[in-house]
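Participant: Sequence:
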Amino acid sequence: MKNIFNLLVIIAFFNGNAQCPSPSILYLVDNINISNSAELSWTENGNATIWDLAVIPDFNMGSSLPSNIGVTTNINPFVLVNLPPSNGCYVFFVRSVCSPTVVSPWVAIGTGGCSTEINNYLATLSNNTFLFNDSKVIVFPNPSNSFIQIKSTSTIDKLTVFDSLGKVIPLQTQNNNEINIENLSNGIYFIEILTNNETIYKKFIKE
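Under numbering that gives the first Met the number 0, the first residue of the sequence shown carries the number 0, and numbering increases by one thereafter.
Fair warning: there could be bad hints in the mix.
To be verified - Here are the computed lysine-lysine pairs in the DSBU-like style, where the Cα-Cα straight-line distance is at most 35 Å:
#	residue 1	residue 2
1	Lys166	Lys201
2	Lys201	Lys157
3	Lys201	Lys150
What the hints assert, rightly or not - Derived Cβ-Cβ restraints for the label pairs, each shown as a range:
#	residue 1	residue 2	range
4	Asn182	Pro76	45 to 53 Å
5	Thr48	Asn176	41 to 49 Å
6	Ser34	Thr71	43 to 51 Å
7	Glu206	Ile137	17 to 25 Å
8	Ile68	Glu206	35 to 43 Å
Everything labelled a hint here was simulated from the structure, so no lab data went into it.
Glycine is no exception: its CB is placed at the ideal position from the N, C-alpha and C atoms.
Using the sequences plus the hints, can you model the full thing?
Facilitator: Quick look at the structure:
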């Protein structure tokens with residue numbers, strides 16, 4: 000049975016150029032259990048007609064991002080075959096090649112075999128403006144040393160806080176609109192905000 004995933008970009012690498020935007024709206028058809036292959040498609044946001052692809056099997060918390068290119072192609076969607084062995088979690092990467100010397104940041108999508116913790120970790124690495132700067136949710140004051148307030152245009156169903164490595168941090172909340180961060184160490188954290196129809200991530204700083 001095919002597994003289909005349709006996610007916004009969830010990861011960004013730092014070796015990019017503002018004039019070479021990353022692809023977005025990655026879409027994955029997972030045929031790994033059937034034919035050891037996967038079909039990956041994406042939306043090009045610039046003028047690139049060539050893309051680099053890579054895959055990391057058994058992606059773990061803190062795994063390095065691709066240093067080697069698996070394949071360069073001018074085909075979208077692209078079918079990756081003969082995938083390396085894995086215990087179930089594959090992360091597929093794609094970036095735009097705008098010129099021989101200019102590439103976009105990497106973006107990626109994981110298979111259903113990746114744990115929730117890994118997906119949350121991938122989300123914390125992302126600088127995707129949709130995930131992290133959605134105007135429908137406001138986190139304040141930020142930075143803070145005591146309490147964080149969350150204001151949303153939609154009803155908040157659940158709040159989850161992660162550190163910069165994707166580890167869930169148990170915290171006290173009040174009606175899903177306030178978080179006590181007094182006992183957190185100083186640093187950068189992320190809030191996963193679940194509403195009735197979407198998931199939004201916000202960054203905050205404990206000082």
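Participant: Flag every earlier hint the structure violates by its number, smallest first.
Facilitator: 6
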